[in-house]
Each structure stands twice: as structure tokens, then as C-alpha cells.
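Q: Each chain is listed here by its residues.
There are 2 protein chains.
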Amino acid sequence: MNNVRPIDLTGARVSDKFWGEYMELVRSQVIPYQWEALNDRIEGATPSHCIHNFRVAAGLEEGGFQGFVFQDSDLYKWLEAVAWSLAWHPDAKLEVLADETIDLIGAAQQPDGYLDTKYIIDGLENRFTDLMNNHELYCLGHMIEAAVAYYKATGKRRFMDIAIGYVDCVDSLFGPEEGKLKGYPGHEVAEMALVGLYKVTGEERFLKLAKYFVDQRGQSPLYFEEELKKRGRQNGWNGGTLGFQYYQAALPVREQTEAQGHSVRAVYLYSGIADVAAQTEDAQLFETCERLWNNLVNRRMYITGAIGSSAYGEAFTFDYDLPNDTVYGETCAAIGLCFFARRMFENTKDAKYMDVLERALYNGVISGMSLDGRKFFYVNPLEVLPEACEKDQNKRHVKYERQKWFGCACCPPNVARILSSLGAYAYQESDDTVFMSLFVGGTFSACLGGMHNRFSVTTDYPWDGTVKVKAESLERAEFSYAIRIPAWCADYQVKINGEAVEGTVDRGYLYLNRTWSEGDEIELTLNMPVELIAANPRIREDIGKAVVMRGPLVYCLEEADNGGQLQTVRLDPRAGFEVIRKPELLGGVNVIKTAGKAIDINAWDPDTPYRRYEAPVYKERELTFIPYYSWTNRTPGEMTVWVHTL
Amino acid sequence: MNNVRPIDLTGARVSDKFWGEYMELVRSQVIPYQWEALNDRIEGATPSHCIHNFRVAAGLEEGGFQGFVFQDSDLYKWLEAVAWSLAWHPDAKLEVLADETIDLIGAAQQPDGYLDTKYIIDGLENRFTDLMNNHELYCLGHMIEAAVAYYKATGKRRFMDIAIGYVDCVDSLFGPEEGKLKGYPGHEVAEMALVGLYKVTGEERFLKLAKYFVDQRGQSPLYFEEELKKRGRQNGWNGGTLGFQYYQAALPVREQTEAQGHSVRAVYLYSGIADVAAQTEDAQLFETCERLWNNLVNRRMYITGAIGSSAYGEAFTFDYDLPNDTVYGETCAAIGLCFFARRMFENTKDAKYMDVLERALYNGVISGMSLDGRKFFYVNPLEVLPEACEKDQNKRHVKYERQKWFGCACCPPNVARILSSLGAYAYQESDDTVFMSLFVGGTFSACLGGMHNRFSVTTDYPWDGTVKVKAESLERAEFSYAIRIPAWCADYQVKINGEAVEGTVDRGYLYLNRTWSEGDEIELTLNMPVELIAANPRIREDIGKAVVMRGPLVYCLEEADNGGQLQTVRLDPRAGFEVIRKPELLGGVNVIKTAGKAIDINAWDPDTPYRRYEAPVYKERELTFIPYYSWTNRTPGEMTVWVHTL
Ligand SMILES: [Zn+2]
Ligand SMILES: [Zn+2]
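If you read the protein sequences in the order shown, they are chains A and B. Once you know that position 257 of the first sequence is 257 in this note's numbering, the rest is easy, because the numbers rise by one and skip nothing. Once you know that position 564 of the second sequence is 564 in this note's numbering, the rest is easy, because the numbers rise by one and skip nothing.
Only chain A is shown next, with the shape it has when bound in the complex (with noise of 0.2 Å):
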């Protein structure tokens, strides 16, 4: 079923405007930054003890334990994004440091394998007794995640067989056999993470393992209930509403139909489902899949590929419920829907998952992360009034700027992590065919059926539409060269070495199959005009209003630009739009210009609230809109994706 496969990372090269800075700000400032947080040396920032934490289970230092329970997490996100980056940069310095870390985590490791900081420390007669709320099987699921990138990146097994003895450890005492624990993750990643550690070693237990963590959940007897009886309890999270849904764990995962709960867990989970259902061939599985990213992507995503519309749980809550000004839109939901979107696509070579992965990508994700790499948001909304998020309960949760470190700091260093591994997102192979999926300058080798091919990529994308890719080398010279043509793009064009080619689409990729020479040229143009677009009418909070996008990018109006009382503002839809490039402006970007129109505020006294209905009058405005990502990198203020329309 998955013989699509993300390109080797070694020796992958991004190099463009837009998404090599990215990945040279995560490099040289994001990955030394948070290993000063790791270290509790930022001043002013809530210490992460993170490091402290391992020393001390480690007999190094004296000390509890500190911090959330997950606290270990950080740390391997933060090996991760080193891994991805050495795959691209090597560093001996920052190599010798992540060995050093390695061998850290290694000194913490029980004799069993168990390596979990928080019970190694608090008392081992504890762990697994609180899967529900205590994130020893999320920590796990990280653990992997960076082992199995910093082999792939680096060659070296050491941080895997400590991943894999954790492993050992778990599988020994979890499962469908008589005597073994019923439980799963509190937390979900460690699926897609064990899917990975088999492919990587091809041992089928870890499959196994990440296959029962799926079927197991939400069956009954629940697993977290019981855990709940033992202690006396009853509720599920927070006592509330949200109860076992919060773990996607109301029901058995092949039953859910809605995206449910704590949005981070919902999309990790999903991913997971997905890898399972795409080794296993599990047609079932892979329908739960199809049925929840439907829910999610047409009833209860945002349009910056934000999802999860309540800071109550950070979770979804019901079809068309996406209110811009209290969503919750974790960056970390983001950056999973990308990790299942990538899945699904791999599954199905669907151009539809790309197409919400580039969406999440450009807007949700990396709004995420102010432009010099040293502050960050938890939650990403569409509409801001400043004022509200001092002064409204409701919105205490949305900031206006984005923050130095969070003592959960769940996003930071998931931001570094999916940005150093971009090019596995942009680029994918299989046995006969390249896929460039987002349109990523640089130089990458796709290995088709043992043979290698390398590209170089040039293109100024996303602020411009033309992308020229090369064959640099060919070790294979028949193979299908399939470039995702975006849903937004109405209208493109592709030569090959001068001259227009048709190629096939098949599912939103144009397939370019022939025998290819070194130095063949591809010259893709993608018809990237400003568009207009509404909201289905069900959505209750965006009713008469349009959002300015181009390309894949989502626009907003802020009122460094505009002025304030944004919701005066008014779109015409009849009127054009100007996109003026602007080099110096928050690190280069394309502004979009348009005459608009804005009620005349000064036309109400501020002291009458209410009278007779008049016409609005209008006067004329000029609206600057620059792309949402970039939003409050200058003064803060008002901040507005969706715009009234005349």
C-alpha cells in the first residue's frame, strides 16, 4: 500500500529566500536558544529543568524532579530538530554535544530500559499506574521519534538502542497477552514514532506494538477509568465536559467519526492511525482515517490550517464552530495535521493532504515563530483586539505577542523540529517517481528503486509562481518527475528544457513521465493571482466576510498598517488588488493593496450606543494586507484574517 517514502534528509539541501532562512534561524538561533532554556539559562523564562531533570535520574546531581511530567519530551524534540539540522549542516561542535546529551539520557536508563525522568526520580513503584495524565508513553514516543532521526541523520545506533531498550521495556509489560497492562497512551505519538522505528529496523514488533496502542484505545472495559477507580476517582480530564473524548478515547478508535478532544493528541493519534492501517494494510483503519480528516478539514479547520477551536482542552468542539477571536490553534495542532496530512498523502498520492499540509504550513505553522527565531505563540488567531486579551476572560488565553519560552513549552521546539526535516515535506520518492509536493528551493536526491537522482530546485515561492527544477545527476533515467499542482492554482504552465508539456494529473499531481537527461530543465508557472475567498455559511463567525489569500498564503489587515477598529473595515470585492513586493518589510514579503472602504466611526458620538438604523456611510481606505504569518513581528495591535465585505 505506502511505497511512497520522504526523501533521504542527508545531504538534502534547502537553499530558497523563504524556507532557507527559516531553516538557518532554527540552526543558529532556535536550537542554541532552547538549549540555554533547556538549561535553565534563559533570564526571565520559566526554567524548563529539563536537563536538570535527567542529571539528577542519572545520579549526577541532587535534586526532585521538576517541571510538567512531559518535561522529558523537550529534550528529545529538541535532539530531533539537532538531527535534522546536522542532516543538512554538519556541526562537530553541536554533534559532540548531542553525543554528550545522548550519553546523558543513556546514564538515566534503568537496567530494564524504563527512562522516564519524572518516576526514575518520584519512586519506580509508581510508573504506569497513571497513563491517563502522566506522559511516560508520550515521552517514549518522542524518545523514538528524535533516536530514529538522529540515526538516519548521523549513522550512529547509540541513541536508538536506548530508544529501543525503553521499547523493550514497555512491550514486555504491555499488550493483548494474559498478566500484560490493557493501556495506551495518555498522550499519543508513540504510535507513529514505533511505525518508524520498524521501518527503520524492520522488526515487526514495534509495529505490533503501535498496532495494539490503536486498537486498544477507548475499548471497554476503559483502561483510564480504570486507572481512575484505583485511585478513587471518577471523571475523566478536568472533571468536565470533555471527559475520555479529551484522549480520543470515548470510543474505539475504528468507531470515532469526529475529530474529537485535545486537537495536539487527535492529529498525533491520527498519524499514527494512518502508518498503522498504510504497514498493516488495514482497509478499516485506513477508512477511520478518510472519515476523520474529512471532519476535521472541511467542518473544523480554519483556513490558516489552525485547528482546534477551544482553550477549554485545546480541543475541538463541534462542526462549523470556528470562532476567530477565542480559538485555541495550537501551533503544535498545526504541525500535526501536517505530520498526518504528509501521511495520507503518502498512503494515497492525493494532492488533496498536500494541499492542507502547505496550508497549515505557511499560515499556522509558522505564524507559530516571530521572524527573528525568538519568540513563539502558543495559540494563533485570526482576529485580535488587544484589549480583549487583557480584559476578557475569554480571550486571556490569546497574546498579542508572541512569547520568550513557556514553561510547557510544547511548540517551540516542535516548531524547530518540522522546519530543520522541511525538505522530507516538500519532497517525496517512490520506486519509479519524484514528488515535489511544496515548491522548495534547493538540491535533494531521490532514490528511485536504489538509484540515485539528484535536483536542484530554484524558485522564489511563495511570493512568485515560477519554480525551475534541474536534473543535476541521474543514476535512473526513466522515472516520473510529479509536481503537486496547489488547488488554489486555476491555471499553470510547464516546459520542459523550453519547450510546454502536457504531462498527466492524476488526483492533483501533473506527472511529467519520460526518459530524462542530466541537465534537463523543468520550468513550472503557477498562475498565482490575489483571490477572494468565503466561508461556507454554516461557519456562524465568518458570515459576510472574505480573506485576501494568494498563492498559499493567507492575508490579514493589521493596524500597524490600517489603523484600528478593523471591524469598520470593508472589503470590495469589485475592487483590485495590488501586490507590491517589499524587501525591507518584516524580512521580505509581498504586501496586497486594495481600495476599501471603512465606516466613518467619527460620524458616532462614542456615547450614544444605539439609534435609528442609517445606511452606513463610507468613506474611502485604502487596506494594506500583509501575510498572516508575519503578523505583530512590529508595534502590536489589532490583527484581522477575515474582512467584512461591501
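Calculated directly from the structure, the hints in this document are not laboratory data. As the structure is a computational prediction, the values presented were derived from the model and not from experiment. Yeah, the Cβ is synthetic: ideal placement off N, Cα and C, and Gly gets one too. Possibly wrong hints are sitting among the right ones.
[Stated by the list, open to error] Selected chain B positions facing chain A (Cβ under 8 Å, derived; list incomplete):
| id | residue |
| --- | --- |
| 1 | Arg299 |
| 2 | Ile303 |
| 3 | Ser310 |
| 4 | Phe318 |
| 5 | Thr326 |
| 6 | Ala388 |
| 7 | Asn394 |
| 8 | Met451 |
| 9 | Arg454 |
| 10 | Lys495 |
| 11 | Leu532 |
| 12 | Ile533 |
| 13 | Ala546 |
| 14 | Tyr610 |
[Said to hold, decoys possible] Computed cross-link-like contacts, BS3-like style, restricted to lysine-lysine with a CA-CA straight-line distance of at most 30 Å:
| id | chain 1 | residue 1 | chain 2 | residue 2 |
| --- | --- | --- | --- | --- |
| 15 | B | Lys597 | A | Lys597 |
| 16 | A | Lys391 | B | Lys399 |
| 17 | B | Lys391 | A | Lys399 |
| 18 | B | Lys229 | A | Lys597 |
| 19 | A | Lys391 | B | Lys229 |
| 20 | B | Lys391 | A | Lys229 |
Once you have looked at the hints, place chain B with the ligands on chain A.
A: Leaving out everything else, chain B with the ligands in the frame of chain A:
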């Protein structure tokens, strides 16, 4: 300064269809039902424990204190409603029950006058140690209010003497003198109650204590903070962002400029300030009232008269922040706004206050009770999607059906006491003027310099704008009959004995000043067209929308008449309105119909969230509006007050 006062309610009789039925409902349904509730005899309802607590405090029953710390106040509010009911409808059996209940209260009173069942039962050594959270002075206030009402209605002093005993106890412990406590109520009401007691007894010490409570509030060192320190704690309310603002105690009263904190507390305080300002002729204090009034009414009040836009703290947030779907809008807060408004009118003779009172009373107050008098709203939303109330934590406080009874039962008895004293809100007197502030049919007497004039009023208001007033008997012939001309009314006519007259208008009241004869008849005709009302564009939630009003009534769209998906509906400001009398509907209402439009939701695939903008396609849709107060008395469903306009 204050020479306007409400009419004497004994002998006043409201008998029109609208309010007469409400008062009869309170008398025949609400008062008996609430008595059962106070005695824990309502099946399926949270027990009140109120009578139980009094019986335990009086030594008549064993047991502990149960229920909220302010549970005593429910009995006082019930007794106040009983008093006002007895004033217009003598009922020997009910009066015996009230007298016995007053004896029970007296039996619980301590030798020094103290009377709060919580501390009598749980330990008097802790009394007055937590004014901030516990409600001893709040219960005192409601006791006084009820006792004064009972004295006015029945002439019996027993209850007032009990109340004065408790006041004397408090007066001996609180005040500016050395050695006395420098505290004040954590929940205001005693301030206005004490002024009422002063007015009826003439005893200055009650006024002085009220003034002390007003002036001491928010002074440094902050009393509540000192209390907290003694318990080793720090934060104000709920440890959250509201802090001491929640209690209107973050600043001294005279320095306050914005309506802040818990909205019921706020308007109860402001009513007390207005009373103290009037009785002490304190111009600075009166300016404080005007400032707070202006902020509250011009920038923080819903069109229904609901106040308190946030469920968090049941509180005000910031200027123009008036979300329709997450609103709190507690019934008690709208009632408290009526208290404040009536006092401001009495201090100024300015109709603008009574305009707000009428708005709140006909909309946000009576929306709190079902048409059968058996179910109540705490929260009065202006927009409801039932699914959101179930699944969105931000709207969990919003109910789409009124509830039977509440554990914290402040609202139902508050509705009962304001409705049963309605005459005092409708008619006021001064030494030479009768004020008709609300258009309520029935008979009443005004006392003008000791002489009693009796009038009868006939009207079908609010369904019709004609009001006929007849001078039934006159002890004094020369006086002014002052009629409020509502701000909503652009066009009216007045006749006396069939002949058109002009009169003099001063601050919204039309003064008819002449020598009257018995049998003289005034005929007022208020032109009452359907009006479309818009909100200040600074109110973000209402932009692009309008409200249908007729006379004092705010109308709404309900799913029962219009189907769901109300966000797709469009009002056409150019379409006419049809007013249709429906005697059988919702207790007899006028519905309003208009030719509107609606987006054809079926033209958009439910699984396509976003697509290229196209001008919306509308279908014709007849819209049927019902009075807001009457919503959800049929099959529950969606409801909206603000409707998008074309
Ligand atoms: Zn996160
Ligand atoms: Zn209430």
C-alpha cells in the same frame, strides 16, 4: 435635592393586561412556589435550606448551616415580595404566614441584635471576619429592605424592629470612631437599604452608616486586603485578574470612573450612592453617580438593558465589549439597573433614566422569567445556538431554556420583588407633581403636600401607544401631571377632555400644569412604529446588524418561527413591517413580520469549508419577530436579537 418619591403602594392597583397579569402571576404562582422552595419541598430542585437554617439558628431544629453563605437573603427577598403583594392584594392567610416567618427570624436574633444564621450556627466568634466573601452585611441589607416594605405595606413594626436591632449591632461595631471596624459590605445593598430605613424612620444614624459604607469603600489600607492578610492570603476575588475591582473596591467610590466588577454588586452600590448623594446633598457624590451611569449605560449596556458582558466574575469588561452569545446579563443586574435608574430619576426628574429603566424592565428583566412564572434565567443572552451551549465551554453558562430553581437563587425572588412593587417604578410624586414614568394601567393615589389625588389609567401598552388617565378624586386641584415622553417616541399627541393641549417639556417629561377637576381625562397617544435600530460601530459584535424594536420592546428571531441557521438571515432595511396582534401566542403578543432574505445554505456543500468569493445568492424569506422577553417559551432553538442587514 430629592423631592420626588414613589407613590404609596398600599391601595395602588395595577390591572392592565400586561403588568396586571405579571403581578398576578407573582402573587398566585411565584410567591407560593418560592415558599415551597425555601422549605425544600420542590422535587428535583437544589434544596434552599433557608428556612432550615433559620430554624436551627432559632434553636427549633438540630442541624448545621447549609447552602450558600447568603442564603438568608432569599427569605428576605421573598418577604419583600410578599409585602408588596399584600399592599395591593390583602391576603390574611399569607400575612399570617409572613408574620410567623418574621417571628422565626426574631427567634434567631441574638441578644445584641446580630442576625446571620451562618455564624449563629457555625460560631459567632468568627462573625465579621470575612466581609469580603461572606454576606453578613448583604443579608442585613435585604433584611432592611424587606422590613421597610413590610412596614409600608402592613403598618406592622415588628420586622422593622428586628432589622433595627441588627443595624444597631452593626452600627456599634463599624464606623470611623477609634476601635470600630473600618469595613463595608462585600456585596452591596445595605447602603440603599439603610437610606430607605432612614427615610421611613427619620433616624439620622442609619443615613450616617450608609454614608460611611459608601465613603469607606476602596480606601487605603484596603479593608479586604487586611482581612486576607489575617488569613495569610493575598489576592482579591478568585485570585484572578478582577481582584478587588470585582467588589468595586479597587478605588474609593468618588474616584471611580467606570462600571467595573460584578455587575449586580455594581448597580446595587450605585443605587446606594445615589441615595446617599440625594439625602446628604453631596454634589461630588452625585457627579460620581452620573459618571458611572454614563459609562455603564452608554458603553457597557446591551440593547435589552442587560449588563455584565462576561461570565467570568459575572462582570463588566471594557467599553463597547458586548458579545451577544457569551454575555452574562444576569437578571438581577438588570433589576439593579432599574433601582439605580429610578433613584437617578428621583434625583433629577430627567426622563433619560426612566428610558433606561423601561428598556431594562420590558426586556432584560422579564426575560428572566417564563410566561408561566415557574422557570427562570440567570443569564439573558441575545444570541443562542443550543449546540454551542452544550459543547462550547465559553457558552456553558448560557442556557437555552429557563431553569426550575437555582442553588444560588438570587434571580427568581428578585424578579418577584420588583414586579410586585411595579407601581413605584411607574408612578412618582412630589409636593406639586404626579409623574407617570411608565405606562401601566390601574389605579393609584399620589400624595401632593399631604393631599391625596386618585387616578385611574387605562392602556394596552406596550402593544398600543394610547394611554388614558382619569382624575378619579382630587383633594388638591392645582398640580402638574407629568408624562414621560419616551426617547423612542418621535411623535405623540395629548388631549385633555378631548381637546389637544401642548404642555411644557422639560428633560423628557411633558408637564400638564393646570387646575384639574374630578373626571378630567388625559388621552396620550404615543406613535409606535416598528423601528430598526443600529449599534455604535465601536460595538464590534453588532456591526452590520440591526435590531427590530417597537415601543419599548426589543424583538428577536426565534427558530420556532424562522427555522435555524439564523446567521444566514438578512433584514432588508427598505422592506416594510407588519404588526400582527396574536392574542393566543405567548400570552398575547404583537408579532412583527417583514420580507427578508436568507443565504441559500443548500447551495454550498457542507464539506466545502472555503471557496472563491462570490456575491451571496439570497432567497426571499419572510421573517417573524417576537418580543425578546417571550423567547424560549416554546420549542427551544436558535435565537438572535441582532440580525444582519442587507
Ligand atoms: Zn504546543
Ligand atoms: Zn441573580
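Q: Given Ala388 (chain B) as an interface hint, is its Cβ closer than 8 Å to any Cβ of chain A?
A: Holds, about 7 Å.
Q: Verify the proposed pairing of Lys229 (chain B) with Lys597 (chain A), using a straight-line Cα cut of 30 Å.
A: violated, 55 Å
Q: Does Lys229 (chain A) lie within 30 Å of Lys391 (chain B) when you go C-alpha to C-alpha?
A: The hint holds at about 26 Å.
Q: Go through the hint on Phe318 (chain B) and say holds or violated, using the shortest Cβ distance to chain A against 8 Å.
A: With a closest approach of 5 Å, the Phe318 (chain B) hint holds.
Q: May I ask you to test the interface hint for Ser310 (chain B) with respect to chain A, counting a Cβ-Cβ separation under 8 Å as satisfied?
A: holds, 6 Å
Q: Can we keep the Met451 (chain B) interface hint, with Cβ of chain A closer than 8 Å?
A: Where the cut-off is 8 Å and the nearest Cβ of chain A is about 41 Å from Met451 (chain B), the hint is violated.
Q: Should the hint that Ile533 (chain B) touches chain A count as held when the rule is a Cβ pair under 8 Å?
A: holds, 5 Å
Q: Take the shortest C-beta to C-beta distance between Leu532 (chain B) and chain A; is it under 8 Å?
A: Hint on Leu532 (chain B): holds, closest Cβ of chain A at ~4 Å, below 8 Å.
Q: The hint names Arg454 (chain B) as touching chain A; please verify it with the least Cβ-Cβ distance against 8 Å.
A: violated, 38 Å
Q: Can the restraint linking Lys597 (chain B) and Lys597 (chain A) be considered satisfied, given a maximum Cα separation of 30 Å?
A: Holds: Lys597 (chain B) and Lys597 (chain A) sit about 24 Å apart, inside 30 Å.
Q: Grab the minimum C-beta distance from Lys495 (chain B) to chain A and call the hint holds if it beats 8 Å, violated otherwise.
A: violated, 27 Å
Q: Hint Tyr610 (chain B) vs chain A: min CB-CB distance below 8 Å?
A: Holds, about 5 Å.
Hint violations for this structure: numbers 8, 9, 10 and 18, all remaining hints satisfied.
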